[in-house]
Amino acid sequence: MAHRLRSPQDLAGGLLISVIALSGFWLARGWEAGTLAAMQAGFFPRLVCVLLLAMGLATMVRAVTADGPVAFGWAWRPSVAITVAVLAFAVLLDRLGLVLAILALIGIGGFAGRPLRPAPFTALWAGLATGCVAIFSWGLGLPLQIWP
Amino acid sequence: MDVFANLWLGLGVSLMPMNLFYCFLGTLIGTLIGVLPGIGPVATVALLLPITFYLPPVGALIMLAGIFYGAQYGGSTTAILVKLPGESSSVMTCLDGHAMARQGRAGVALATAALASLFAGVVATLVIAVAGPPLAGIALAFGPAEYVALMLVGLIGAVILAHGSVVKAIAMILVGLLLAMVGTDVNSGQMRFTFDIPQLYDGLDFVPLAMGLFGLAEIIINLEETEGRGVSPAPIARLWPSLADFREAWPAAVRGTALGTILGILPGGGATLSAFAAYALEKKVARDPGRFGHGAIQGVAGPEAANNAGAQASFIPMLSLGIPSNAVMALMIGAMMIHGITPGPQIMTKQPELFWGMVASMLVGNVMLVVLNLPLIGLWVRLLRVPYAYLFPAILVFCCIGTYSLKNDVFDVITMAGFGVFGYVLKKLDCEPAPLLLGFVLGPLLEENLSRAMLLSQGDVTVFATRPISAGLLAVAAGLLALILLPNFRRQREVAFKE
Numbered sequence: 001m002a003h004r005l006r007s008p009q010d011l012a013g014g015l016l017i018s019v020i021a022l023s024g025f026w027l028a029r030g031w032e033a034g035t036l037a038a039m040q041a042g043f044f045p046r047l048v049c050v051l052l053l054a055m056g057l058a059t060m061v062r063a064v065t066a067d068g069p070v071a072f073g074w075a076w077r078p079s080v081a082i083t084v085a086v087l088a089f090a091v092l093l094d095r096l097g098l099v100l101a102i103l104a105l106i107g108i109g110g111f112a113g114r115p116l117r118p119a120p121f122t123a124l125w126a127g128l129a130t131g132c133v134a135i136f137s138w139g140l141g142l143p144l145q146i147w148p
Numbered sequence: 001m002d003v004f005a006n007l008w009l010g011l012g013v014s015l016m017p018m019n020l021f022y023c024f025l026g027t028l029i030g031t032l033i034g035v036l037p038g039i040g041p042v043a044t045v046a047l048l049l050p051i052t053f054y055l056p057p058v059g060a061l062i063m064l065a066g067i068f069y070g071a072q073y074g075g076s077t078t079a080i081l082v083k084l085p086g087e088s089s090s091v092m093t094c095l096d097g098h099a100m101a102r103q104g105r106a107g108v109a110l111a112t113a114a115l116a117s118l119f120a121g122v123v124a125t126l127v128i129a130v131a132g133p134p135l136a137g138i139a140l141a142f143g144p145a146e147y148v149a150l151m152l153v154g155l156i157g158a159v160i161l162a163h164g165s166v167v168k169a170i171a172m173i174l175v176g177l178l179l180a181m182v183g184t185d186v187n188s189g190q191m192r193f194t195f196d197i198p199q200l201y202d203g204l205d206f207v208p209l210a211m212g213l214f215g216l217a218e219i220i221i222n223l224e225e226t227e228g229r230g231v232s233p234a235p236i237a238r239l240w241p242s243l244a245d246f247r248e249a250w251p252a253a254v255r256g257t258a259l260g261t262i263l264g265i266l267p268g269g270g271a272t273l274s275a276f277a278a279y280a281l282e283k284k285v286a287r288d289p290g291r292f293g294h295g296a297i298q299g300v301a302g303p304e305a306a307n308n309a310g311a312q313a314s315f316i317p318m319l320s321l322g323i324p325s326n327a328v329m330a331l332m333i334g335a336m337m338i339h340g341i342t343p344g345p346q347i348m349t350k351q352p353e354l355f356w357g358m359v360a361s362m363l364v365g366n367v368m369l370v371v372l373n374l375p376l377i378g379l380w381v382r383l384l385r386v387p388y389a390y391l392f393p394a395i396l397v398f399c400c401i402g403t404y405s406l407k408n409d410v411f412d413v414i415t416m417a418g419f420g421v422f423g424y425v426l427k428k429l430d431c432e433p434a435p436l437l438l439g440f441v442l443g444p445l446l447e448e449n450l451s452r453a454m455l456l457s458q459g460d461v462t463v464f465a466t467r468p469i470s471a472g473l474l475a476v477a478a479g480l481l482a483l484i485l486l487p488n489f490r491r492q493r494e495v496a497f498k499e
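Chains A and B, in that order, are what the protein sequence lines are. Each residue of the first sequence is one higher than the one before, starting from 1 at the first, in the numbering used here. Each residue of the second sequence is one higher than the one before, starting from 1 at the first, in the numbering used here.
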């Protein structure tokens, strides 16, 4: 009973937390910890990572002692589309300007849900681009590149 | 009464037509800009600081204070409508405020936020007027050991407010602390977790973190749950809070105000900590804690009152000691210096009309904020009826530009994309981002004060127990921890969450 996996979600969570803790500990390996009376840059990271590792292990223990959801899916389409869209915006903004970066952002981002038909899409693009230029560039005076 | 004579003098100053106009203008611009996601009070005040150079000193300060409240309230508006916290103190408003909006109670949530803020603002202003200078002494009585104890109370409080597993909530706080370490260590100059990326030398910024964890992750989750159709909030039953809503909300607002006024005086995450603490308190005293996170009106009224009272109270150390308790107050001091005013204990005796004018303008500003925003609620609520296929690209665009505008650097936008995915992973693993954000906000203060306290006591950990305020706070922290860990309480807690 105790050795059966009862909550894959907790196992994954515990693993993630432990990995974060261990990589934090590894990255902090070269920093001096100092003493309690004179803490150096490495003290607090190590303290936090040790505590975090303890929490990660505790979560993994829960995975075999407490019931949790059996399976959990991963929505590839929205998560990938949103991330790629935001990254595309970041890459294009300095190169092609705000108007085209917005086109890429909402064009790719649209695939996260159900993409709009061309006419409403163009209207949305025009509206958002005009609004953003008006608010951020003219209104707030941010140095934004607008056209390529 | 001396205080009333002073307030009278102040009201005389702040009700002069020109000053009234500056106050109105400040609140209006502050609200409009604060509503833009990613642009919180700090950015708004910084952006608009140059405008005030041309005004007379009193007018400039009144206008800046107006911008500050406006931006703060604007941040709550986006938190409620689209679950985008513009700044750390509106993170808690996101939880129940947005849940209310999805139930068709956005108008009620917005009105509750506005009225709770008004109440908190008025009370906190009166506290400033009556007891401002003596209260500033509290800030001075707080040494490093007291701060460490206070942060522990705050962080343990964050565990209560989380749903589900206590262990995971603590883990999230620790991840937040770890993220807060990114950047150059203040004491040694050691680069930590920077991976030789120059943009990380100054540390991560709150905005891309919060926008990713809340904004982007929320869009992904919404689209997943509805298979791409997107959420449409329940039809709006009523725009204004009913009498029953009022009855539920006002005690929460009173408690939030008290917490915010006390915690806001302390330098550091005053407004943020008080919003978190108020939420935890409301959840603790509520008869049915299970409703929290699913649209409990107390979860909006408490934190909103607390963050406004906290924001207001942060003027106390600024005006009477010249100590800025947060970034906005540092900007205010900057603005005062430009006008040739040195904040500090002598400001009240040397320039009473300035000091009291500003205190009274807080009253006027809070009233104006409500007058300005109540009619706007109808407009904001209508925004929610925009189909999600149009709404979510618009949110994406505002998230991206808002984040970019912080430093005019696309690196922040990339960071936001990364935290969007991380936020989605956390949701899948049933971990909550709110404790992570609190850890992130309090991290630098905790580390700095811990090392300072240990330095002063030469490594003697008993210092936390021997200093009375710190010992008292630690007792509170231990009590909270015991409450969480007590099996009986825990069983109740789990039952409450299953409902």
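Source of the hints: derived by calculation from the structure; they are not laboratory data. Please note: incorrect hints may appear among the correct ones.
As the list claims (entries may be wrong) - Taking lysine to any residue pairs in the SDA-like style, the calculated list, with each CA pair at most 20 angstroms apart, reads:
hint, chain 1, residue 1, chain 2, residue 2
1, B, Lys-428, A, Val-133
2, B, Lys-428, A, Leu-140
3, B, Lys-407, A, Ser-137
4, B, Lys-407, A, Ala-12
5, B, Lys-350, B, Val-367
6, B, Lys-407, B, Leu-239
7, B, Lys-407, A, Val-133
8, B, Lys-427, A, Val-133
9, B, Lys-427, A, Ala-75
10, B, Lys-428, A, Val-80
11, B, Lys-428, A, Ser-137
12, B, Lys-428, A, Trp-76
13, B, Lys-407, A, Leu-142
Note that the coordinates shown come from a computational prediction; the quantities given were computed from them, not determined experimentally.
Determine which of the earlier numbered hints do not hold for this structure and return their numbers in increasing order. Failing hints, ascending: 1, 2, 4, 5, 6, 8, 11.
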